[in-house]
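Q: Once you've looked at the hints, dock chain B against the given chain A.
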Amino acid sequence: MKCAEVKNLLSPYLDGDLDEKKKQWIDEHLAICSSCAKELEELKEIISGLKKIPEVEPPPYFLEAVHARLEEPSLLTKVLKRLFVPVYIKVPIEAVAVTATVIIVVVLVQKSEMMRMTQTGVPVGVHYEPYAQRTGVPETQADKLAKSRIPASQEFTFPEIHPREMDRQMLNGDFQKMSQQQYGTGITKSMETAKPTKGAVVLGKKAEVLDKSAVSVLSGYKSKGVAGEDRSELAVKESMPASYEPYYSLAKTPITPIIERQIILKTRELDQDRTKLETILKELGITNIKMETYPDKVLFSFPILANQLEVLLSKLKDWQVISLPAKEIAGKEETTLEPISVKLTLTTTQETP
Amino acid sequence: MEQIEDIDLIERCKQGLPGAFDEFVLKYQKKVFNVAYRLLNNYDEANDIAQEVFVRVFRAIKGFRQESSIFTWLYRITVNLSKNRLKVLAREGRRTESLDDPISTEEGEIKREVAEDKPLPSEILEREEKAQLIEAALASLDDEFRTVVVLRDIEGLSYEEIARIIKINIGTVKSRLHRARLILKEKLKGALR
Chain A
1 MKCAEVKNLL SPYLDGDLDE KKKQWIDEHL AICSSCAKEL EELKEIISGL
51 KKIPEVEPPP YFLEAVHARL EEPSLLTKVL KRLFVPVYIK VPIEAVAVTA
101 TVIIVVVLVQ KSEMMRMTQT GVPVGVHYEP YAQRTGVPET QADKLAKSRI
151 PASQEFTFPE IHPREMDRQM LNGDFQKMSQ QQYGTGITKS METAKPTKGA
201 VVLGKKAEVL DKSAVSVLSG YKSKGVAGED RSELAVKESM PASYEPYYSL
251 AKTPITPIIE RQIILKTREL DQDRTKLETI LKELGITNIK METYPDKVLF
301 SFPILANQLE VLLSKLKDWQ VISLPAKEIA GKEETTLEPI SVKLTLTTTQ
351 ETP
Chain B
1 MEQIEDIDLI ERCKQGLPGA FDEFVLKYQK KVFNVAYRLL NNYDEANDIA
51 QEVFVRVFRA IKGFRQESSI FTWLYRITVN LSKNRLKVLA REGRRTESLD
101 DPISTEEGEI KREVAEDKPL PSEILEREEK AQLIEAALAS LDDEFRTVVV
151 LRDIEGLSYE EIARIIKINI GTVKSRLHRA RLILKEKLKG ALR
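Read top to bottom, the protein sequences are chains A and B. If you use this note's numbering, the first sequence corresponds to residues 1 to 353, in order. If you use this note's numbering, the second sequence corresponds to residues 1 to 193, in order.
Some hints could be false.
Selected chain B positions facing chain A (in silico; Cβ < 8 Å) [what the hints assert, rightly or not]:
id : residue
1  : D22
2  : F33
3  : N34
4  : Y37
5  : Q51
6  : R56
7  : F58
8  : I77
9  : A131
10 : I134
11 : I154
12 : Y159
13 : K174
14 : K185
15 : L188
Okay, derived cross-link-like pairs now, DSSO-like style, lysine-lysine, Cα gap no bigger than 27 Å in a straight line [unchecked claim]:
id : chain 1 : residue 1 : chain 2 : residue 2
16 : B       : K187      : A       : K2
17 : B       : K187      : B       : K87
18 : A       : K52       : B       : K83
19 : B       : K174      : B       : K185
20 : B       : K130      : A       : K22
21 : A       : K7        : B       : K31
22 : A       : K7        : A       : K52
23 : A       : K51       : B       : K31
24 : A       : K38       : B       : K130
25 : A       : K22       : B       : K185
26 : A       : K51       : B       : K174
27 : B       : K83       : A       : K7
Treat the hints as calculated values from the structure; they're not laboratory data. Note that the structure is a prediction, hence the values are computed from the model and not measured. By construction, the Cβ of each residue, glycine as well, lies at the ideal position given by its N, Cα and C atoms.
Isolated chain A (complex conformation):
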């Protein structure tokens, strides 16, 4: 064999990719040709040098970063978010009058998976991104907003039915059944670490806590946890009673009631008081409670009827309550039959909002 030929075959030779005959020829040639033998040695050294190139370590919290990316809204969501600039309407408590709230649901379509609602009136193509844009403004403004803000090209439809009706349908849990059928528990669980809505609009009259610290409660939290920790358990306590379960499948849909009441309770014993609260809520017959647990606070989100709310408020007097909806609102006639959405924070932080 000639040197040129041999040199060309040295790579496969080293990789063991030559058939026996060729290999033998090369062996024989190498025995007598120092130039080719030298070439072989050089190649060997390079290959072994390459093999020895050390591995680099990925940065710490790589897993967390991946999760953060997964929760990032799609481009469509980002664009829509920019259209709906959060609006703060601070209304003095004395001037409160009950108004109907309209839910504007931004329905997003994701390429790979779309959830079709077969229930009447519920929008088609509901997206199950971890959080959705929710805006609610007094009815009169809502329509204007809807017309002005939402470009016709967006792929979603407005609900055909009255938003309140939609609330009720959602709250009665059929939703949950449907979504479970479609998705099983898989995506639900991974969505459990979903961030609450950023820049959530705090409704004027209904949300009493109107400053930044309350909103910071609503805006996201970083997925904490050490590598290996079961992340999906972060937001969900294993001891959570079964009645809480259904709500988690709801969590993957963007249609959730507007937060109409915000209550913040201070406590020094988070676990104790949390249990107390759970009991109170259950005693009142409140279901569909979503509970988010953080190191220094617990967030309860649940629908409640006006009369139930009254009872609840009276029971809460034992706690150091930072804020509380005014009595007048709780007792208003118009809201008796409509479920009110409550966000109740049980916190150990001592700052006053």
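A: For chain B alone, kept in the frame of chain A given last:
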């Protein structure tokens, strides 16, 4: 190449069982990251791409059929994303090989030095310097050559696997690999002796 545990893990990921995906990421993150790093020659870019790889995996795992190897799939996503990124960076006129990136060796990070064309006296070379030079030489290869070398000599994949990952035929793999090694040899001429 795949063990029972791998198949089981993927099954669990497909079912969306809690913690399965996390386990998956932790298991493969170093590998994915390193492939991306050796292709992109930039730590931050590699971080970006590696994260994106797992995002893609998460979104597509349900449709993954276990007939093909999870490794092939992972490698392919990594290589494709890296290559795309390289193209974008080239278009923007940025060379990703920041040869200023310190090289990590067993002894810690050392500043990388570019291999010169002139052969260096072998007496002054130490092991770390040799390693540096090889890394630098690898980084300076053209993308196509670097890819096959990374997959073969660093990741240890077979010709067939490489052919499947990059979607070229085996003959091309062999010839490209051989040429790449020769180029490396030329770049490192005399420096390793």
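Q: Name the hints, by number, that the structure is in violation of.
A: 6, 8, 20, 21, 27
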